[in-house]
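Counting with this note's numbering, you get residues 161 to 335 for the letters of the sequence shown.
It should be emphasised that the hints constitute simulated quantities derived from the structure, not laboratory data.
Quantities reported herein were computed from a predicted structural model and do not represent experimental measurements.
Don't take every hint at face value.
What the hints assert, rightly or not - Label pairs and their calculated CB-CB ranges:
(1) Gln-179 <-> Ala-218: 38 to 44 Å
(2) Lys-332 <-> Gln-179: 38 to 44 Å
(3) Gly-215 <-> Ala-173: 53 to 59 Å
(4) Leu-290 <-> Gly-257: 39 to 45 Å
Idealized CB from N, CA, C, for every residue including glycine.
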Amino acid sequence: ARRRLTRKRFWGALTDTAQSTAMIYVIIAGASVFAYFVTVSHAPELMVKAIQNSGMSAVGVIAALLLMYIVLGAVFDEMAAMVITMPFVLPIVTGFGYDLVWWGIINVVVCELGMIVPPIGINVFVIHGLARQIPLSAIYRGAAPFILADTLRLAILVAFPVLTLWLPAALKQLT
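Start from the sequences and build out the full structure, keeping to the hints where you can.
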């Protein structure tokens with residue numbers, strides 16, 4: 161309605177979208193090849209046995225995975241972090257008897273948290289790229305309440321899995 165979208169801007173937006181989409185598909189293709197080799201090598205089964213034999217508690221394993229995803233979320237795109245690590249992580253999570261719907265929701269929440277946590281926090285740099293006049297320190301200060309709220313939300317979802325699983329269970333009963 162503002163008539164600001166010229167052919168040149170449209171073509172630029174289309175090119176940016178194509179590049180982003182291509183990057184995502186390259187990550188997914190690479191992760192698929194990686195997942196195939198991981199599966200063929202039986203590394204996930206060996207990792208599950210090693211972790212279970214180490215005597216580490218299920219809560220300790222989840223805490224370690226959450227920390228890993230916070231670090232990965234700070235460095236990688238959320239999709240890349242999840243796609244690359246799932247061949248290793250899912251057998252560990254299922255080996256300890258956790259629900260996969262619960263883990264999927266927890267995984268998304270923790271990766272999103274990692275994307276705003278200092279010192280890197282990819283989303284903070286995206287905001288800084290869009291508004292160069294705002295210093296990074298101001299953006300991190302602005303993100304602090306969200307980091308605290310997301311951490312609290314994550315702790316509640318981990319402590320009370322029924323909150324995560326209630327809606328899927330209710331919808332399952334409807335069908």
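We went through each hint and held it up to the structure:
| no. | hint | verdict |
| --- | --- | --- |
| 1 | Gln-179 <-> Ala-218: 38 to 44 Å | holds, 42 Å |
| 2 | Lys-332 <-> Gln-179: 38 to 44 Å | holds, 40 Å |
| 3 | Gly-215 <-> Ala-173: 53 to 59 Å | holds, 54 Å |
| 4 | Leu-290 <-> Gly-257: 39 to 45 Å | holds, 43 Å |
Against the hints set out earlier in the document, no violation occurs for any number.
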